[in-house]
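Protein sequences, first through last, are from chains Z and S.
Residues in the first sequence are numbered from 2 upward in steps of one, following the working numbering.
Residues in the second sequence are numbered from 2 upward in steps of one, following the working numbering.
Simulated from the structure, these hints should not be mistaken for laboratory data.
From a predicted model like this one, the values you see are computed outputs, not experimental measurements.
Among the hints, erroneous ones may be present.
To be verified - To spell it out: a stretch of chain S is covered by chain Z in this simulated footprint if at least three of its residues, at any positions, have a beta carbon under 8 Å from a beta carbon of chain Z; those stretches are:
| id | region |
| --- | --- |
| 1 | 267-273 |
| 2 | 277-283 |
Unchecked claim - The list that follows gives simulated cross-link-like pairs (lysine to aspartate or glutamate, EDC-like), each with its CA atoms no further than 16 Å apart:
| id | chain 1 | residue 1 | chain 2 | residue 2 |
| --- | --- | --- | --- | --- |
| 3 | Z | K311 | Z | D300 |
| 4 | Z | K281 | Z | D142 |
| 5 | Z | K204 | Z | E215 |
| 6 | Z | K243 | S | D282 |
| 7 | S | K311 | S | D338 |
| 8 | Z | K311 | Z | D282 |
| 9 | S | K281 | S | D142 |
| 10 | Z | K145 | Z | E187 |
| 11 | S | K243 | Z | D282 |
| 12 | Z | K243 | S | D142 |
| 13 | S | K204 | S | D231 |
| 14 | S | K243 | Z | D142 |
Heads up, the beta-carbon is just placed ideally off N, CA and C, and yes, glycines get one too.
Residues per chain, in single letters:
Number of protein chains: 2
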Amino acid sequence: MPANRHFTLVRRPQGMPVPEDFCLVEAPTPALGEGQFLLRNHYASLDPAIRGWMDDVPSYLPPIRLGDPVRATTIGRIAESRHPDFPVGAWASGLNAIEDYSLCVGGGFTTLVDADAVPSVTNYLSSVGAIGLTAYFALLDVGKPKAGETVLVTGAAGAVGSLVGQIARMQGCRTVGIAGGPAKCERLIRDYGYDAAIDYRGKSYDELVAAIREAAPNGVDVHFENVGGDILDAALLSLNHKGRVVLCGLISEYNDAPHGARNLWQLIVQSATIEGFLVKDYIPRFAEAIGPLAQWVRDGRLRMDEHVDKGIENALPAFLRLFEGSNDGKMILQIAD
Amino acid sequence: MPANRHFTLVRRPQGMPVPEDFCLVEAPTPALGEGQFLLRNHYASLDPAIRGWMDDVPSYLPPIRLGDPVRATTIGRIAESRHPDFPVGAWASGLNAIEDYSLCVGGGFTTLVDADAVPSVTNYLSSVGAIGLTAYFALLDVGKPKAGETVLVTGAAGAVGSLVGQIARMQGCRTVGIAGGPAKCERLIRDYGYDAAIDYRGKSYDELVAAIREAAPNGVDVHFENVGGDILDAALLSLNHKGRVVLCGLISEYNDAPHGARNLWQLIVQSATIEGFLVKDYIPRFAEAIGPLAQWVRDGRLRMDEHVDKGIENALPAFLRLFEGSNDGKMILQIAD
Chain Z
2 MPANRHFTLV
12 RRPQGMPVPE
22 DFCLVEAPTP
32 ALGEGQFLLR
42 NHYASLDPAI
52 RGWMDDVPSY
62 LPPIRLGDPV
72 RATTIGRIAE
82 SRHPDFPVGA
92 WASGLNAIED
102 YSLCVGGGFT
112 TLVDADAVPS
122 VTNYLSSVGA
132 IGLTAYFALL
142 DVGKPKAGET
152 VLVTGAAGAV
162 GSLVGQIARM
172 QGCRTVGIAG
182 GPAKCERLIR
192 DYGYDAAIDY
202 RGKSYDELVA
212 AIREAAPNGV
222 DVHFENVGGD
232 ILDAALLSLN
242 HKGRVVLCGL
252 ISEYNDAPHG
262 ARNLWQLIVQ
272 SATIEGFLVK
282 DYIPRFAEAI
292 GPLAQWVRDG
302 RLRMDEHVDK
312 GIENALPAFL
322 RLFEGSNDGK
332 MILQIAD
Chain S
2 MPANRHFTLV
12 RRPQGMPVPE
22 DFCLVEAPTP
32 ALGEGQFLLR
42 NHYASLDPAI
52 RGWMDDVPSY
62 LPPIRLGDPV
72 RATTIGRIAE
82 SRHPDFPVGA
92 WASGLNAIED
102 YSLCVGGGFT
112 TLVDADAVPS
122 VTNYLSSVGA
132 IGLTAYFALL
142 DVGKPKAGET
152 VLVTGAAGAV
162 GSLVGQIARM
172 QGCRTVGIAG
182 GPAKCERLIR
192 DYGYDAAIDY
202 RGKSYDELVA
212 AIREAAPNGV
222 DVHFENVGGD
232 ILDAALLSLN
242 HKGRVVLCGL
252 ISEYNDAPHG
262 ARNLWQLIVQ
272 SATIEGFLVK
282 DYIPRFAEAI
292 GPLAQWVRDG
302 RLRMDEHVDK
312 GIENALPAFL
322 RLFEGSNDGK
332 MILQIAD
């Protein structure tokens with residue numbers, strides 16, 4: 002068995018994570034117990050939520066313990082197994098960690114995946130994985146868009162946002178995306194079929210409000226929020242009566258003191274709703290979404306760009322791209338070929 | 002016809018309203034058109050929402066125009082009528098203005114009221130009026146409390162809050178109220194049946210968080226928000242999974258720059274919801290609530306304190322009590338005996 006490298010959290014980050022918060026540790030892989038299997042991780046999904054798990058605050062998952070490898074969804078091939086449902090050689094995915102090998106049990110997020118059902122096995126970390134499932138259920142189940150309505154998406158060029166725009170369009174909605182920089186805005190229109198794109202960079206709050214009003218002249222029925230801060234406040238001002246805000250992420254607030262949502266009065270004025278979304282609530286319903294998502298990917302109706310950085314030693318700079326906005330699509334770390 | 006005095010908005014308030022923003026204007030009452038009637042206002046309801054209508058911002062109602070009397074729900078007796086459903090001498094209520102006489106048409110909020118069905122006709126501005134209807138529908142329809150759940154209420158000694166606590170208790174919930182000062186907190190327990198009371202005055206944010214955790218050891222299932230600011234942020238930290246925040250008011254933010262809700266991430270972590278409430282959405286369903294509310298009032302099961310200040314010339318100091326917190330119960334201005 003080759004060495005097992007772990008990308009380990011050794012100090013809780015203050016604000017943006019820095020190299021001193023982590024250590025690449027080599028340790029032997031423990032022997033398998035009954036019902037366990039060993040996954041050779043090929044790819045890890047780098048997601049904004051991981052930043053939250055690094056903090057010592059109560060949340061939907063326990064904080065990553067100091068000295069533990071950084072938690073992440075991974076996909077790989079089973080290298081050894083003492084679990085009858087997880088045979089050696091099969092592809093599997095689960096909530097594991099950024100490390101060469103993960104010791105796994107079944108259940109929860111851990112499942113076998115059918116590598117032949119999608120163009121690339123990495124799709125199980127993007128369009129057909131937690132990202133795709135988030136976009137699917139958060140938009141359709143929480144946002145409940147109806148044909149003819151306007152759907153506004155922040156972080157629209159990001160992993161979830163790019164899918165949300167495409168799925169909303171399939172529902173017959175007008176889609177408006179907000180992203181940072183002209184290159185991303187061009188991708189919104191060209192690659193993800195957004196009807197309108199707004200570049201938030203260099204815009205004051207008032208300019209952002211005006212840009213949303215112009216791009217959504219009939220108001221916003223569903224606002225899909227990945228960012229928070231000024232952008233959320235600006236979006237709230239365009240909400241229609243009975244508007245639905247799907248709160249999927251607040252990436253602008255994960256490293257800094259939160260700006261705070263100052264336009265909540267709009268919820269009263271418009272009888273509108275903000276609903277937080279966590280994909281783990283939908284585990285029992287994953288199967289109903291994976292079928293259509295995989296089909297849309299195969300048909301070319303659902304495009305998802307993947308930004309793959311190579312090497313476990315690059316875990317931190319790859320992760321930080323999410324907060325710099327320097328990734329082009331779903332951020333994935335390749336751990337093995 | 003005696004003189005008709007109007008409490009008129011002449012300048013838009015900056016922050017807290019001041020006397021120079023208003024003028025008491027005497028003007029003749031116009032002749033009635035067909036389908037109109039003239040209401041001799043006896044009482045006007047002073048509500049925090051009126052402050053919002055004084056600003057020149059888009060909202061669920063148009064701003065009060067400069068030179069117009071300040072909009073308010075009033076109750077009075079019909080003095081003249083050219084409307085077949087509104088006979089002279091009957092009591093009626095509607096969204097009118099702070100003035101001696103209001104020219105009315107039917108429809109919307111305007112209705113005849115049965116003065117004999119309640120102990121005092123002012124109850125139609127409190128427990129059996131928009132306040133009672135707000136508490137009833139916002140708690141039961143939006144909050145959806147279930148027996149055994151914990152309901153947290155801010156502004157709990159206020160008009161809406163005092164009713165919400167009592168109605169939640171009738172549903173078998175544990176009720177925790179937050180109010181300012183020991184006298185109000187005593188009333189929460191003694192008069193409104195709250196299981197626990199928290200005095201926010203003199204408490205830091207961290208102390209508020211700790212006090213809520215202590216008073217709601219099983220977490221908060223329904224949070225009924227009338228205040229906003231630090232108090233909302235503290236409450237969000239105690240929300241349970243699938244918690245419901247009923248956003249009924251944000252009185253702490255109406256005169257000042259909003260503090261902003263900084264703990265919205267809790268909505269994601271708890272798959273929780275904030276829903277804004279406007280009673281006018283429920284106009285078609287008012288009848289289903291007025292029956293039970295009037296019955297509870299007659300039975301003594303629903304207590305509502307009313308704070309009546311006399312004289313249209315006292316409209317502004319009476320209104321400002323809402324923001325100082327110096328009122329003891331629903332704030333009502335008596336315009337005529």
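Okay, the hints, checked on the actual structure:
1. 267-273: Our answer is that it holds, as 7 residues pass the Cβ test (under 8 Å) against chain Z, meeting three.
2. 277-283: holds (count 4)
3. Z/K311 - Z/D300: violated (28 Å)
4. Z/K281 - Z/D142: Holds. Z/K281 to Z/D142 sits at ~14 Å (cutoff 16 Å).
5. Z/K204 - Z/E215: Given that 16 Å is the threshold and the Cα spacing comes to 14 Å, the pair holds.
6. Z/K243 - S/D282: holds (10 Å)
7. S/K311 - S/D338: With Cα atoms ~9 Å apart, S/K311 and S/D338 stay inside 16 Å; holds.
8. Z/K311 - Z/D282: At roughly 32 Å apart (the allowed maximum being 16 Å), Z/D282 and Z/K311 break the hint.
9. S/K281 - S/D142: holds (14 Å)
10. Z/K145 - Z/E187: violated (27 Å)
11. S/K243 - Z/D282: holds (10 Å)
12. Z/K243 - S/D142: Holds: Z/K243 and S/D142 sit about 15 Å apart, inside 16 Å.
13. S/K204 - S/D231: holds (10 Å)
14. S/K243 - Z/D142: Within the cut-off at roughly 15 Å; holds.
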